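So the protein lines, in turn, are chains A and B. FYI, the UniProt record's numbering numbers position 354 of the first sequence as 354, with every residue one higher than the one before it. FYI, the UniProt record's numbering numbers position 3 of the second sequence as 3, with every residue one higher than the one before it.
Just so you know, the hints here were simulated from the structure itself, not pulled from any lab data. One should not assume that every hint holds.
[To be verified] Now the stretches of chain A that chain B is said to cover, found in silico as 3 or more residues with beta-carbon under 8 angstroms:
1) 234-245
2) 292-303
3) 306-314
Computed from a predicted structure; not experimentally measured. The beta carbon of each residue, even a glycine, is placed where N, CA and C say it ideally should be.
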Amino acid sequence: MDHAPEATAGHHGSYLAEKTLRSWALTLDHKRIGVLYICTTLFFFLVGGVVALLLRLKLLTPGPALFSDHTYNVLFTIHGAIMIFLFVIPAIPSSLGNFFIPLMIGARDVVFPRLNLFSYWCFVAGIVVILGSLVSPMDTGWTFYTPYSEQTSAAVTVLSGGLFLVGLSSILTGLNFIVTIHTMRAPGMTWYRMPLFIWAMYATSVIQVLATPVIGITFILLAAERVLGIGFFDPAKGGDPLLFQHFFWFYSHPVVYVMILPAMGIISEVVPVFSRKPIFGYRAIAYSALAIAFIGFLVWGHHMFVSGMGTLAGIVFSFLTFFVAVPTGVKIFNWIATLYRGSISLDSPMLYALTFIFLFIIGGLTGLFLGSLATDVHVHDTYFLVAHFHYTMMGGTVMGLFAGLHYWFPKVTGRMLNEKLAKYAWGLILVGFNLTFFPMFILGMQGMPRRYAEYPAKYQGLNIVATVGSWVLALGVFLMFLNFIRSLRRGGLAPDNPWRGLTLEWSTSSPPPEENFAEIPTVSEWPYNYGEKPERRTEGKRER
Amino acid sequence: MAAYRNYLLVWLALLVLTGATVAISYFELGLWNAGAALFIASVKGTLVALYFMHLRYEVKLVLGFAVFPLFILALLIVGTLMDNLFR
Numbered sequence: 001m002d003h004a005p006e007a008t009a010g011h012h013g014s015y016l017a018e019k020t021l022r023s024w025a026l027t028l029d030h031k032r033i034g035v036l037y038i039c040t041t042l043f044f045f046l047v048g049g050v051v052a053l054l055l056r057l058k059l060l061t062p063g064p065a066l067f068s069d070h071t072y073n074v075l076f077t078i079h080g081a082i083m084i085f086l087f088v089i090p091a092i093p094s095s096l097g098n099f100f101i102p103l104m105i106g107a108r109d110v111v112f113p114r115l116n117l118f119s120y121w122c123f124v125a126g127i128v129v130i131l132g133s134l135v136s137p138m139d140t141g142w143t144f145y146t147p148y149s150e151q152t153s154a155a156v157t158v159l160s161g162g163l164f165l166v167g168l169s170s171i172l173t174g175l176n177f178i179v180t181i182h183t184m185r186a187p188g189m190t191w192y193r194m195p196l197f198i199w200a201m202y203a204t205s206v207i208q209v210l211a212t213p214v215i216g217i218t219f220i221l222l223a224a225e226r227v228l229g230i231g232f233f234d235p236a237k238g239g240d241p242l243l244f245q246h247f248f249w250f251y252s253h254p255v256v257y258v259m260i261l262p263a264m265g266i267i268s269e270v271v272p273v274f275s276r277k278p279i280f281g282y283r284a285i286a287y288s289a290l291a292i293a294f295i296g297f298l299v300w301g302h303h304m305f306v307s308g309m310g311t312l313a314g315i316v317f318s319f320l321t322f323f324v325a326v327p328t329g330v331k332i333f334n335w336i337a338t339l340y341r342g343s344i345s346l347d348s349p350m351l352y353a354l355t356f357i358f359l360f361i362i363g364g365l366t367g368l369f370l371g372s373l374a375t376d377v378h379v380h381d382t383y384f385l386v387a388h389f390h391y392t393m394m395g396g397t398v399m400g401l402f403a404g405l406h407y408w409f410p411k412v413t414g415r416m417l418n419e420k421l422a423k424y425a426w427g428l429i430l431v432g433f434n435l436t437f438f439p440m441f442i443l444g445m446q447g448m449p450r451r452y453a454e455y456p457a458k459y460q461g462l463n464i465v466a467t468v469g470s471w472v473l474a475l476g477v478f479l480m481f482l483n484f485i486r487s488l489r490r491g492g493l494a495p496d497n498p499w500r501g502l503t504l505e506w507s508t509s510s511p512p513p514e515e516n517f518a519e520i521p522t523v524s525e526w527p528y529n530y531g532e533k534p535e536r537r538t539e540g541k542r543e544r
Numbered sequence: 001m002a003a004y005r006n007y008l009l010v011w012l013a014l015l016v017l018t019g020a021t022v023a024i025s026y027f028e029l030g031l032w033n034a035g036a037a038l039f040i041a042s043v044k045g046t047l048v049a050l051y052f053m054h055l056r057y058e059v060k061l062v063l064g065f066a067v068f069p070l071f072i073l074a075l076l077i078v079g080t081l082m083d084n085l086f087r
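Work out the full structure, taking the sequences as your base and the hints as a guide.
See below:
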C-alpha cells in the first residue's frame, strides 16, 4: 500500500511530548488514558498467557506432573479471571475506545475527562485488591459458582471487592462513552455518518452500563452471605444456588458482547480500508450491533442447561439463543460482501481482520451446538466448550484487538511497525492458535471434561498437539510484542494517514496533538467512500 | 420560596411514605408485607427520580435512558421466575 508522502516530525507538539510520570498518572487526555489502559491490559494478557502455558504444559501428560491438583485449580481460575476481567473486557473499549472515540467523532476529548481518569484508577485499585486476594488464591474457576464459593477458604470476599471496583470502572467508562457519542460529535456528523467502530462502541457501552451493576450486586450478596450469614444462595440458609447462576450469567453473557462487539467494530473499519471499497450494508451492520446488545440480555439461561434449571426455561433460552446468530450472520455476510471484488491489500491489520472472520465463523457456529438444548447436554463442560469459547474470544476478540493495534499503531505512536515481522508473527499466531484449540473440539466430542488436572491416557495424542500449538502461539505473540517494542524506537516515522483511511482520526497528525485537531472538522459525508465513484460502479454492473 | 414548594411537598410525601412503610410492618399480611414495602419504596424512588433528580424536566432521551433499565430489570425477574416457578 502506498504511503502518503507527508510525515510529521517526531513527537514535537504531540500528546506524547510531556514525559514525566505525573503527566501520565494525572492526565485528563483521553489518548493518554487510552495508552495507560493498553499497557495495563496487555500486561495482564501476557500474565494470563504465561499461566495458560503452564496449564498446557501440565496437560502434556495424562497423570500427575509439575504441580498439585489444587495448584492446577488455582491456576485455571487465575487464567480465567485475569483474561476475562483484566484483559478481554477492558482490552478494546477502555483502551482503543478511549483513544479513538473522540478522534473518530471529531471531538477534543471525552465529555467527562476527570471521570475517565477516575475510571482508570478505579480499575487499578480493583487490580490491587484482586492481587491481594492471592494471599489465599481462588480455586473456584472464574465463575465463582455457589455453593463451593461459599465454602472454600479462598479469599472470595476480597476478590469480590476487587471485581466490584473493576466493574465500577467499566460502568463509568461506558457512561462516559454514551454521553460523548450523543453530545460531542463534530458538526455534520449525523448518526449515519458515524464510523461503525463508534456504533459498536455505543452498543458496547449500553451493555456495560446496564449489565455490570447486576454482577456488582451479586458480588455484594455473595460477600454478605459469607460474612454476615444472610441466606441468598446457600440452600442451608434458605437460599438458592441457581439464583447465583442467574445473576452471574445475566451479566456474564451480555458481557461476552462487550468483548466481541468492539472487535467487530474494528473489523468494520479495517475491511473497507484494505479492500478500497465502501462498506457493504452500513445500516445493517450498525443496527446489528444494537440487536446483538439487546438479544444478549435474553439468552443467559443457556449457560445453565445442565445446572438443574427448569425444562421450560431451558427450551425458551435455547430458542432465544438462536436469534443472536442472525445479527452476527448479518455482519459476517456484509464484511464478505465488502471484500467481494475489492482491491484487497494484505497488510498486517487486514490479515488479522480476515483471521477474525475465519476463526469467528468457527467459534460462532459451534456456539449453535452449545445453544441447542439437546447437544449441549452432551458437550457441556467438555473441551468442546473450551474450544468454542477460545475461538470466539481469542479467535474473535483478540484477533480484532490485534487488527486494531496494527491498524492504529502508527496513529498512537507516530511510528510504523515492521511489516515483515508483523506477518511472521501473524503466521505463527494463526497456526499456533488452530493447533492449540482445534484439537479441543475433537477432545470435547470424545468426552474429555474441562477443568480436570488429569485425564485418561487415550486423550494424550491430541493434548500433545494442543500443548505444542500453545508454544507456537506463544512464539507468535512474543514476536508481535517484540515488533511493538522495537518499532516504538526504530520504526519509521508514520505519515498522518498511512492506510489512506477516511475516518477522522487519519485527518490529524500521527501522533495527534493534545487537542486532537487544530480546528474541529466539519463532516459532510460518511467515512466509507473508498474506491470508485458510486455512479461508475453502477455502470460496471450494467456492463457485466 | 415558590421554587422550593415542590421540593418541600415531595419531601413531605417521602416522610409520609416512610411512616406508611413502618406502619404497615405492624400488620400481619404474609407475603403482602414485602409486596407493600416494595411498592411504597418504588413510589418513593419514582418521586426522587422525577423531582430531586429532575427527570421530569429532562428531554425524552434522558427519560428513555432512565426507563430502559427498568425493562432490563423486568427481563431479569421474568427469566429467573420462568426457571424458578416451573422447575
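Okay, the hints, checked on the actual structure:
Here the segment 234-245 of chain A counts 3 residues with a CB under 8 angstroms from a CB of chain B, which clears the bar of 3, and the coverage holds. Beta-carbon proximity to chain B at under 8 angstroms applies to 4 residues in the segment 292-303 of chain A; the threshold of 3 is reached and the given coverage holds. Closer than 8 angstroms: that is the beta-carbon criterion, and the segment 306-314 of chain A has 6 residues meeting it against chain B, so the requirement of 3 holds.
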